[in-house]
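Using the sequences and the hints given, assemble the complete structure.
First to last, the sequence lines map onto chains L and R. The first sequence lines up with residues 1 to 521 when you count with the working numbering. The second sequence lines up with residues 522 to 935 when you count with the working numbering.
Check each hint, because a few of them may be wrong.
Rough simulated footprint, nothing fancy, chain R against chain L, three-plus residues with beta-carbon under 8 Å [as the list claims (entries may be wrong)]:
| hint | segment |
| --- | --- |
| 1 | 217 to 224 |
| 2 | 426 to 439 |
| 3 | 487 to 496 |
To be clear, the hints were calculated from the coordinates, so they are not data collected in a lab. The beta-carbon is built from N, C-alpha and C at its ideal position, and this holds for glycine as well.
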Amino acid sequence: MNNGLEFAQNAAGRLVPIEVNGRKQAPFLGVGQRRPEGPKTAPLVRSARDYPANGDKRLPDLETALRACGLRDGMTISNHHHLRDGDAVALMALNTAARMGIRDLMWFPSASFPAQAGVIELMEAGVVHHIEGSMNGPLGDYCSQGKMRGLGVLRSHGGRWQAIQDGEVHIDIAVIAAPTADPFGNATGTLGKSACGSLGFALADSMYADRVIVVTDNLVPFPCVPWQISGNDVDCVVEVSSIGDPAKIVSGTTQITRSPDRLKIAEHVARFIRDAGIMRNGFSFQAGAGGIALAFVDYLRGMMKDAGVKARFVRGGSTRYLVELLREGLTDYILDGQTFDLAGVQSMASDPRHVPTSPFTSYNYHGKGFFNQLVDVVVLGATEVDVNFNANVVTHSDGRLLHGIGGWQNCLFAGCTILAVPSFRDRIPVIVDEVTTLTGPGEMIDVVATERGIAINPRREDLLSAVNGSSLPIRPIQDIQREVEKICGGKPQRPRLRQNPVAVVKWVDGTVLDTVWQVGD
Amino acid sequence: MATTANVKTRSEAGRSGPDVRSDLRVVLEPRDAGGIEIELQSRVAAYYGDSIRAQAQQVLAELGIQHARITIEDEGALPFVIAARIEAAVRRAGLGQGRRALPESVPLPAASPCDRLRRTRLYLPGTEPKYFINAGLHGPDAIILDLEDAVHPAEKDAARILVRNALRAVDFGGAERMVRINQLPLGYWDLEEVIPEAPDVVLIPKVEHPEQVLAVEERVTQIAARCKIDRPIWLMSILESALGIENAFAIATASERMVAMSIGLEDYTADLGVVKSAEGRESMYARLRLVNAAHAARIQASDSVYSDVGDMDGLSRWAESARALGFEGMGCVHPLQIPVIHQAFQPSPAEIEKALKIVAAFEEAQRRGLGVVSLGSKMIDAPVVQRALKLVEQARRMGALGKPTSGAGNLDTT
Chain L
1 MNNGLEFAQN AAGRLVPIEV NGRKQAPFLG VGQRRPEGPK TAPLVRSARD YPANGDKRLP
61 DLETALRACG LRDGMTISNH HHLRDGDAVA LMALNTAARM GIRDLMWFPS ASFPAQAGVI
121 ELMEAGVVHH IEGSMNGPLG DYCSQGKMRG LGVLRSHGGR WQAIQDGEVH IDIAVIAAPT
181 ADPFGNATGT LGKSACGSLG FALADSMYAD RVIVVTDNLV PFPCVPWQIS GNDVDCVVEV
241 SSIGDPAKIV SGTTQITRSP DRLKIAEHVA RFIRDAGIMR NGFSFQAGAG GIALAFVDYL
301 RGMMKDAGVK ARFVRGGSTR YLVELLREGL TDYILDGQTF DLAGVQSMAS DPRHVPTSPF
361 TSYNYHGKGF FNQLVDVVVL GATEVDVNFN ANVVTHSDGR LLHGIGGWQN CLFAGCTILA
421 VPSFRDRIPV IVDEVTTLTG PGEMIDVVAT ERGIAINPRR EDLLSAVNGS SLPIRPIQDI
481 QREVEKICGG KPQRPRLRQN PVAVVKWVDG TVLDTVWQVG D
Chain R
522 MATTANVKTR SEAGRSGPDV RSDLRVVLEP RDAGGIEIEL QSRVAAYYGD SIRAQAQQVL
582 AELGIQHARI TIEDEGALPF VIAARIEAAV RRAGLGQGRR ALPESVPLPA ASPCDRLRRT
642 RLYLPGTEPK YFINAGLHGP DAIILDLEDA VHPAEKDAAR ILVRNALRAV DFGGAERMVR
702 INQLPLGYWD LEEVIPEAPD VVLIPKVEHP EQVLAVEERV TQIAARCKID RPIWLMSILE
762 SALGIENAFA IATASERMVA MSIGLEDYTA DLGVVKSAEG RESMYARLRL VNAAHAARIQ
822 ASDSVYSDVG DMDGLSRWAE SARALGFEGM GCVHPLQIPV IHQAFQPSPA EIEKALKIVA
882 AFEEAQRRGL GVVSLGSKMI DAPVVQRALK LVEQARRMGA LGKPTSGAGN LDTT
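Here is the structure:
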């Protein structure tokens, strides 16, 4: 299946296939080295003559809609992941295709979740050929074991937009779960019983797919205001009783970790941002919903208050912690890519300063700039980071696929990139000689903050001198690595990986950064 | 009968399971022949499988076990834990007598002066290795490896081996290394295991008579001499009953090794048959009695723990009132309590400023050969000067003075 592939060594020294799922690939050339050419791809011209004159695009059920959209074998179906582990629409669409006897689909989600483990059966049954999108949990294991027919393709959120607009991935039918929509197809995520906040991850799909189906459990009369998805891009609208489990779509309340070790890391991060002079009036930062990220926001908030400092904007992943910053006047805006809890959803629905964004505005490298370049500091996680600051976020150290890339690669373009990681997990050192899977080049990673100290990339002499004389535990990364290896009883064994590729990791410009190999038995 | 039995005594130690972290379960089946057979399941097998097998071989060899089947279910335990669990299983099988499988040791921190700063002492249950390794990172003045109340009676034997290994192999940073032993006679076994690793302080629980202190002191001295330990091992008594409180001064002065005395409020209130309240009025007499006895004996008085880890405001109020009563520290049951207590025990900037002024006036008077110290129009009594000197010294040790100065009198107080 995957045998007989040809490989090339890319600019990062990694062996990558030159063809993936029948499409020629450019190996990674180095950051900023690829210059794209030619026009973007464009959707077909449509005419209102082919759509209901009264604008009512409702069809009775998903099967009718998929049939109307011309679903057939080998097509690409896309979904967004704003409903996270509560999503029911992706499986609904793929299972409907299965009932229709369709085979060999390519599933192109903006991310997958354990709720979609049912796709494994569909792959076994031949309905789904392969997945291009993040894979974790059961899907990640299935792919890691080499059971998927095609190669997985892992892209960042910005990279997914890039792949769609550059024509690298053509979506035949986008099935968009919409917490609220009108019969014309206008849709929003901020309202309805299944509200999820932003729908930004579905925007490219709605603009570039051949056909677009909106599936909603809260149909309102025209107009659905505000609309995040424009009905002018939508072919048909299907009303269902439920698009997902609201309890798993957003959490009721996000809680800061109480783990003292993780809080120590968060405290190091916040103090670094303050003491390095990044925290100043008008600055900006990005924080996700992970335990350390939430805690760092809470520490930073106290420091901002003490110093009388206000941010111009913060980038979410929004949670109630960011919402509190906004309400307290500690930031002028939240520019929100996805909304993690109820407070975030309500804030986006009611506060014009809480603005939904899309991967195009925030993350897409193949545009005339993107918002994340303007962010002063981002705090990210990683599964591994090596002594040259290269980092892995997609596989576990044993080679198993564990996480999607999400916005991680796109965030590396911020003014300062901080990886907030424990120095070891379950005896497994996080700082390694060489990462298992390269997801982010070390030249773009500035700081590694652990509970045992903070390492600054030697390339960032400005940061090193900025914190010179502070009370921060600044240490060479090798120093932390040595200490942890001593605690853990030496360097870990290297994983035994097969010579069979199971997925590739794309860089933000569409080139292939690394290969994920089949895990040993 | 025993001649034909292949399996002598099956034994096990440690814990495993999806909720267990940094520990392992060891099942040992000693045999008469066949060498060592290791069956390993580990969540870190891909990284340290070879290392765990090699370590198991080595530990069994050090304990004199040549033939056994050993099953290990590992949840990412560190090497010092693996060694301790295997040793516990071996001992439970009635083997390995007189032998120890000691892990590689980290350098001992500097010895503790008797009047060391002891604002916070963080309790670490002696059977929970996952809390050990990062405890020092949270900056407590001391950590307590607890063999007493935190350890189930059936686990005392395994806990003392684990605690011994932790004293050798874990870097607790700048924290003083304390061990809370069990009441005698069980506590003698604890001392045999831990004293060779030179803990800084032994906590004696439920002390009611000075004789209990003397018995511990005698054994500590014996073992320390035998092991040629040339650094102090201090004692701290915990009074947990009405009788203990009545004998507080005798206990405080029972041993030259005694550096501090504390109170256990759960047991004390139980002894009185009263409810332990949040504000602690029912134990006020006992706490004050203990403070007075400790100060009379020139040792430190340390308060109980504040057990509601979710209530940081309550903790802060409790700690501030403890300081006001004359306590110099508290127990901690969670690392997040440490900075709150340190803050509460730190003299306020206003207190420090005032004390510095008094000290400056005192030094000025000394310089001029004046018998009377005065600040502005006010005359300062000698005890006020003494208290100011003490407070400035405390503040210096807590790092609350800013950069160290050669003398308080150099600080301009205008």
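Against the structure, the hints:
1. 217 to 224: violated (count 0)
2. 426 to 439: holds (count 3)
3. 487 to 496: Held - the segment 487 to 496 of chain L has 8 residues with a Cβ nearer than 8 Å to chain R, which meets the minimum of three.
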